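My numbering applies: residue 3 is where the sequence shown begins, and numbers increase by one.
Hints listed in this document are in silico derivations from the structure and should not be mistaken for laboratory results.
Keep in mind the model is a prediction, meaning the values are calculated, not measured.
Built from N, CA and C at the ideal position, the CB exists for glycine as well.
Incorrect hints may have been included.
20 Å max Cα-Cα, derived PhoX-like pairs, lysine-lysine [as the list claims (entries may be wrong)]: (1) 237 / 263; (2) 207 / 194; (3) 237 / 125; (4) 194 / 263; (5) 194 / 141; (6) 194 / 269; (7) 269 / 141; (8) 125 / 114; (9) 207 / 261; (10) 240 / 269; (11) 240 / 141; (12) 125 / 72; (13) 159 / 215; (14) 240 / 139; (15) 207 / 263; (16) 269 / 215; (17) 194 / 215; (18) 139 / 194; (19) 194 / 159; (20) 141 / 114; (21) 72 / 118; (22) 114 / 159.
Label pairs and their calculated CB-CB ranges [as the list claims (entries may be wrong)]: (23) 63 / 265: 50 to 56 Å; (24) 199 / 173: 27 to 33 Å; (25) 173 / 64: 19 to 25 Å; (26) 116 / 77: 30 to 36 Å; (27) 173 / 113: 38 to 44 Å; (28) 177 / 134: 21 to 27 Å.
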Amino acid sequence: MNKRTNMLTAGAVVLAITPIIVIFFMVLASKKESVVLFENFSSKISIPIIGFYSLLCLAVISLGIYWLIKQIVSIIKLKNEKMKAELMLLKSQVSPHFFFNTLNNLYGLVVKDPQKAQELILKLSDMMRYSIYEGEKEKVQIQEEIEFLENYIELHKMRYHKLINVDFQYNIDENRTVTPLLFIILLENAFKHGVENLIENAYIKMNLITSQKEICFVIENSFEKRDRKSGIGLKNLKRRLELIYPDQHELTFSVNENKYKVRLVLKQL
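My request is simple: use the sequences and hints to build the entire structure.
Rendered as C-alpha cells:
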C-alpha cells in the first residue's frame, strides 16, 4: 500500500511540474519578451487544462501536508513508545533493588530466628505481590501506596535488633491516585543511610498530605554525618519524575546538623 501511494504521489508531482517545465522551454525557445501559456489554443481547451493543473497542484500540496502530518505523528508516537519503554525499565529496577537489600538481611535471620524469618517472608511476599501487580499500573489509589509503605516499615522493624522510632502521619483524599513505587525509594534511603548506621536515637518522620492541586510527601531521618552517594534508587526516582511529571514536580533535599529531609511535591494532578 505504501509503495503504491508513493508511486501515485511521484506521478502527481511529475504532472504538476510539467507546465513549469513547458513554460521554461517556451521562454528559452521564444524570441518574444513575454510568453503566454496556451497562446494558440482556444479558451475551451486552455481553461480546462489550466483548471486540471490547478487542481493537480492543490492535490500535490494536500499530499505534502498529509505526509508532513503523518511524519510528525510517527515521531511523536515513536517518542512516546521510547518513553514507555524507559519507564518499564525504570520500574523493573525498583523492586529488584529493594528486594535485593531485604533478602541479604533475611539470609542471616533464617538461622538465628526462624520464626521471625517466616513472618518477614510473609510480609515480603505481600510486598512482592503489590510490586508485580500494582506496580505495573500507571496509577494506584493513594491508600494502597500508604499500606505498601506501612508494610515496608513493619518489615524493617522486625529485622532490626534496636529501637526504631518511625512516625508516619497522613491526611489524604482516598480517591486520589498516584504513580506507584515513588515514595518507597525515599523511605528506603532513610533506612539505609540513617537508621542502619545509628546505634541509638534513630528516627524517621513521614508526612503525606493531599490537596486539590498537589500531593506533598515529606520525610526526615536522623543520620550520622558522612559522604552520601546518590545510588541507583534516587537516580531512578529523578528520571521517573521527569518522564511522568515533567515540570509538575518538586524534589528538594536539606541537611540540618544530623537531620536529613526530603520534600517531594506532585503538582496539578
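Right, here's what the structure says about each hint:
1. Of the supplied pair hints, the one linking residue 237 and residue 263 holds, its CA atoms being roughly 17 Å apart against a limit of 20 Å.
2. Between residue 207 and residue 194, the direct Cα distance comes to roughly 15 Å. Compliance with the 20 Å bound is thereby established for this hinted pair.
3. In summary, the hint linking residue 237 to residue 125 is not supported, as the alpha carbons are separated by about 27 Å, beyond the 20 Å threshold.
4. Only pairs whose Cα atoms come within 20 Å are accepted, and residue 194 paired with residue 263 is accepted, the gap being roughly 14 Å.
5. Straight-line distance between C-alpha atoms of residue 194 and residue 141 comes to about 27 Å, which puts the hinted pair past the 20 Å bound.
6. A C-alpha spacing of about 28 Å is found between residue 194 and residue 269, which places the hinted pair above 20 Å, so the restraint is violated.
7. For the given pair, residue 269 sits about 15 Å from residue 141 by alpha-carbon distance, which is consistent with the 20 Å threshold.
8. Taking the CA atoms of residue 125 and residue 114, the gap is about 18 Å. The hint holds against a cut of 20 Å.
9. With a C-alpha separation of about 11 Å, the suggested pairing of residue 207 with residue 261 holds against the 20 Å cut-off.
10. In summary, the hint linking residue 240 to residue 269 is supported, as the alpha carbons are separated by about 15 Å, within the 20 Å threshold.
11. At most 20 Å may separate the alpha-carbon atoms for a hinted pair to count; residue 240 and residue 141 meet this at roughly 18 Å.
12. With a CA separation close to 50 Å, the supplied pair residue 125 and residue 72 exceeds the 20 Å bound.
13. Using a Cα cut-off of 20 Å, the hinted pair residue 159 and residue 215 is violated, with the two alpha carbons roughly 34 Å apart.
14. A hinted pair counts as satisfied when its Cα atoms are at most 20 Å apart, and residue 240 with residue 139 qualifies at roughly 19 Å.
15. For the hint pairing residue 207 with residue 263, the CA-to-CA distance comes to about 9 Å; that is within 20 Å, so the pair holds.
16. Between residue 269 and residue 215, the direct Cα distance comes to roughly 6 Å. Compliance with the 20 Å bound is thereby established for this hinted pair.
17. Of the supplied pair hints, the one linking residue 194 and residue 215 is violated, its CA atoms being roughly 32 Å apart against a limit of 20 Å.
18. Under the criterion of a C-alpha separation no larger than 20 Å, the hint pairing residue 139 with residue 194 is inconsistent with the structure, at around 27 Å.
19. At most 20 Å may separate the alpha-carbon atoms for a hinted pair to count; residue 194 and residue 159 meet this at roughly 13 Å.
20. At roughly 40 Å between alpha-carbon atoms, residue 141 and residue 114 are farther apart than 20 Å, so this suggested pair is violated.
21. This hinted pair does not check out: residue 72 and residue 118 have alpha carbons roughly 60 Å apart, beyond 20 Å.
22. Distance check on the hinted pair: residue 114 and residue 159 sit about 16 Å apart at the alpha-carbon level, within 20 Å; holds.
23. In this structure the hint that residue 63 and residue 265 lie 50 to 56 Å apart at CB holds, the actual value being about 54 Å.
24. A hinted range of 27 to 33 Å holds for the C-beta pair residue 199 and residue 173, which are about 31 Å apart.
25. Taken as a hint, the range 19 to 25 Å is violated for the pair residue 173 and residue 64, whose Cβ atoms sit roughly 57 Å apart.
26. For residue 116 and residue 77, the Cβ-Cβ distance of about 58 Å falls outside the hinted range of 30 to 36 Å, so the restraint is violated.
27. Checked against the given bound of 38 to 44 Å, the beta carbons of residue 173 and residue 113, roughly 43 Å apart, stay inside it.
28. Separation of residue 177 from residue 134 is about 24 Å and conforms to the stated range, judged on CB atoms against 21 to 27 Å.
The structure fails to meet hints 3, 5, 6, 12, 13, 17, 18, 20, 21, 25 and 26 from the earlier list, while all remaining hints are met.
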